[in-house]
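Student: Listed below are the residues making up each chain.
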Amino acid sequence: MSKLPDGRYVDDAPYDPEISIQTLERADMDASNMVLVWRKFRKHKLALVSGLFLLIAYFLIPFAGFIAPYTPNERHSDHLYAPPQSVNWFHEGKFIGPFVYPITSEADLETFQWVFTADETRPMPLEFFCEGGTYNLAGFIKTNRHLFCAPEGATVFLWGSDRLGRDVFSRVSYGAQLSLTVGLIGITVSFTLGITFGSIAGYFGGRIDWVINRVIEILRSLPELPLWLALSAAVPSNWGPVAVFFIISVILGILDWPGLARAVRAKFLSLREEEYVRAAEMMGASSGRVIRKHLLPNFMSHLIASASLSIPAMILGETALSFLGLGLRAPAVSWGVMLNDAQNLASIEIYPWTAIPMLPIIIVVLAFNFLGDGLRDSLDPYTS
Amino acid sequence: MVILRYALYRFGTMLLTLLVVSALVFMIINLPPGDYLSNQISELRATGQSAGVAKAEFLRTEYALDRPVYQQYLIWIGFIPGPHGFSGLIQGNFGWSFEFDSPVAEIVGDTLWLTVLVNVSAVLFVYLIALPLGVLAAAKSRTWVDYTTAFVGYIGLATPNFLLALIMFYYGHKYFDIPIGGLMDPVFEGEPMSWDKVKSILVHLIVPTFVIGTSGAAGMMQRLRANLLDELGKPYVETAIAKGMRPSRMLVKYPLRMAFNPFVADIGNLLPAMISGSVLVSVVLGLQTIGPTLLTALKTQDLFLSGFVLMFVALLTLIGTMISDVLLVILDPRIQFEGRET
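Quick mapping for you: the protein sequence lines, in order, are chains A and B.
According to my numbering, the first sequence is numbered sequentially starting from 10.
According to my numbering, the second sequence is numbered sequentially starting from 406.
Don't read these hints as lab results, they were simulated from the structure.
One or more of the hints may lead you astray.
Straight-line C-alpha distance at most 30 Å; calculated DSS-like pairs for lysine-lysine [to be verified]:
#	chain 1	residue 1	chain 2	residue 2
1	B	LYS658	B	LYS639
2	A	LYS52	B	LYS545
3	B	LYS639	A	LYS276
Going by beta-carbon spacing under 7 Å, a handful of chain A positions derived as facing chain B [to be verified]:
#	residue
4	ILE227
5	GLU233
6	PHE332
7	LEU375
A virtual CB, placed ideally from N, CA and C, is assigned to each residue, including glycine.
Please build the complete structure, drawing on both the sequences and the hints.
Tutor: Right, dumping it as structure tokens:
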């Protein structure tokens, strides 16, 4: 790069007559849709970070038991409502790796609270890859190895313990299993129903379209939560936690599909008139094939974006239901079930750490929102 | 006149929708196996209280619970005569609450008006907050004003309503001395309306309104900003600025009016979400609205009480949506009168 006397810049590299001017642009034009979308998506830093975070979070779900130092329903009867313990590295200016100070509890007979005192003279290093309570890794491998646990005679409550002396950190990581997957199952149900009804209405039109459209309008005009409440109240109380979990996710999905069906229907109405659809029909393709092979792929990407925007609504829905005691029930552990304990003012005032599960909820919901926004903006790579 | 006709048409469709909703509601509340009375009867049998059993059996025939479900539904609505002739919802008889052992109308009573009050004030709050902030965020897009409002908006969207309620509950009381819990001072409960009572209700409304409205306001703000940004890029805006119009005047005079329609139409999406929110928040804050009643009724399978509450909630939503539809037609004459889509 050199500067000419009149202030312009000129490239010093020798001119290569062989170079094709078009190569650079060709590469872009040949790029597949996925590459273009990825290029655009990469520029949304917030969406990228959120996507990565969610990917890691979902990847870690099978290993919740490994990360948690305790099992979710393990009780420590002499450590009720223990405050969060810090993991320290230096003891009296000397480095001895991650360790905790053992805590002992004492009943204060004036306030009727447990008072915890840390013994700051005895640093006890954490153990790694140690043996603890038995759990199932990824659901089927029985093991008792934990990433870290407290040494003999000490406890490690990173985020404190709750009213029964259960470790909040362990419960949050176990709770992620249910709280995060509830959205996935719900969205599957909602997708199946939404795409089926939306495409039938949009493709066939006529009377069936009218009926489906009215159903959509009615369902959309009703407040979701009272209906969720009513439906979950109908779940028999003698069902096991797993069955309740599935039925709750299905309930969340059942009321979510009308919005999706509406979008699908609108797309179908406009795409139905396209020439390639006409051509496929004339070649004798069945309506099912036209819908699946020719129409749906056209806006699958939009559907994915809208899915990532409705998953958080379901996560919040599960939390709300469990919080009210109509969703998942103990011994199942989800973030909503945990917050059920933090329902009264006393816990917020005296034991604020019991409300910690609200942090992962807020973070996950935000991440899904950012990811959805980023996807929506980048899915149409040809608009500037 | 045309508008009147449209309003009538909308009212008609609302009634039809309500009818479908009532069937849906009745189906849902009948889903749980067993009902309140048979649960109670078996409980009384187990403890050997025969007097109670007789009363429960009496109630069962009294409220036609021994008939097939479709007949129960028709009697509940008031289309066919029950044991006492026509006395269903459309005749103004809301039924009997088994759990509280008194008529439904007596239990819900005042809470209906307080529910309407809470929701209306929350809707007003949403519009009052979302309008200025959304316009500001669009006008100053990509500055710190925009980013701050976006950040606050996202937090508002992501925080579950009931958590916000709990947090406000605590900090509002601790630092601002806002009275919390309930919708009025306990001394005014059951008292006739007076100026002091109104004042007390207004002060108690602050926290619930804020909590219920936040997420709605956040969503609406984002949509208003997006709409306004679309309009701001159009040639007529450039023309107006080139002519030498003051930016603030230009903004209010042209693009804002264009971006306003979706703002009004949005109430159809807003209202269901708000009413959902108000049910939840009422439970947490202990407001005397319909929310806590619904929860108890659902948990105890109190058939008529939960049915009535669900119907009322649906009615509230449908009326709100209808008003917004009619308002939209008055605001924008281009909108077709025969429904919103073809």
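Student: Against this structure, judge whether each hint is valid.
Tutor: Structure-based check of all given hints:
1. Between B/LYS658 and B/LYS639, the direct Cα distance comes to roughly 14 Å. Compliance with the 30 Å bound is thereby established for this hinted pair.
2. A hinted pair counts as satisfied when its Cα atoms are at most 30 Å apart, and A/LYS52 with B/LYS545 qualifies at roughly 22 Å.
3. For the proposed pair B/LYS639 and A/LYS276, the alpha carbon gap of about 26 Å is at most 30 Å, so the pair holds.
4. With 7 Å as the threshold, the beta carbon of A/ILE227 comes within range of chain B, its nearest partner Cβ sitting at about 5 Å, so the hint holds.
5. Taken as an interface hint, A/GLU233 checks out: its beta carbon lies about 5 Å from the nearest beta carbon of chain B, inside 7 Å.
6. With its C-beta approaching chain B no nearer than about 6 Å, A/PHE332 sits inside the 7 Å limit, and its interface hint holds.
7. Because the beta carbon of A/LEU375 sits about 5 Å from the nearest beta carbon in chain B, less than 7 Å, this interface hint is met.
Hint compliance for this structure: no hint is broken.
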